[in-house]
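> Given the coordinates of chain B, work out where chain R should sit on it, guided by the hints.
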Amino acid sequence: MANDIKPRIRLPSQIKPGDVIEVKTLVTHDMESGQRRDASGVLQPRRILNKMTCAYNGRPVFEATLEPAVAANPYVAFFLKATESGSLDFTWTEDDGTVHRARQAIKVG
Amino acid sequence: MAVPVVRSDRRRLVLGAAALSALALLPKAAQATPQAAAELLRKLVKGAPQQGRVAIRAAEIAENGNAVPLTVTVESPMTEKDHVTAIHVVSGGNPNPGVFSVRLGPANGKAEVSLRIRLAESDKLIAVAEMADGSVWIASREIAVTVGGCGG
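As given, the protein sequences belong to chains B and R, one line each in that order.
Under our numbering, the first residue of the first sequence is numbered 1, with each subsequent residue one higher.
Under our numbering, the first residue of the second sequence is numbered 110, with each subsequent residue one higher.
Treat the hints with care, since some could be wrong.
[Stated by the list, open to error] Chain B regions said to be covered by chain R (calculated; three or more residues, Cβ under 8 Å):
hint : segment
1    : 6-16
2    : 55-68
[Unchecked claim] Every beta carbon over 12 Å from chain B, so not counted as near; a handful from chain R, in silico:
hint : residue
3    : Gln159
4    : Arg162
5    : Thr182
Just so you know, the hints here were simulated from the structure itself, not pulled from any lab data.
Note that CB positions come from ideal geometry on N, CA and C, so glycine has one too.
Chain B extracted, bound-state conformation (with noise of 0.2 Å):
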């Protein structure tokens, strides 16, 4: 599970200039809390997702700092003004450093 996020990214089907649209977006995570106990009673390590970033078109628009009150498997929705076609870039960046990468094409007009 750390190593495959499965990022989900969904945009609306069609996109017009000036549009504001809603980006959605879905990881499998299970955000460990660093609360939880296992079976055995043993305190599991948090191990948690604790940033996500966007940028359009290489221009950062977005950025999300998560705290371990994020649900399992993080969704993450925000908006974005829709100005030109290319590439929708996230990042979900691991407690451990380890950074997921996930380019959403964007078509607009």
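Chain R only, in chain B's frame:
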């Protein structure tokens, strides 16, 4: 009319059991307090927050504290001059007060974010928005949690 009575009793029992188990799972010392949440907010934002402009949308009763859908919207034209620069959400009932922070700008077009969060117990959520002009806006919302979302 005996059936509704039985049902409500059972519901009360379930709620009671959930509350008890949530208490049992959370050692008091490891828990954030509303004071801790307020302190964190003071660290995150400068300036005195004003009530308004921020809206928190969530169910009043969250049956499963493990994944509570939450949407925070801030009234703002999101122009170069007048936009939201950050939204922070904190909770007073979780083991740690922080929930999430996002950085926004005019490229977002609309100051709204949605996430699914964990809530350990019924609690007041606080959302704070920072604006480009330096003003700070705040809103809070009580959410009742049936089954807490941080034990196991």
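> Now tell me if each hint is right for this structure.
Okay, the hints, checked on the actual structure:
no. : hint   : in the structure
1   : 6-16   : violated (count 0)
2   : 55-68  : holds (count 10)
3   : Gln159 : holds (23 Å)
4   : Arg162 : holds (16 Å)
5   : Thr182 : violated (10 Å)
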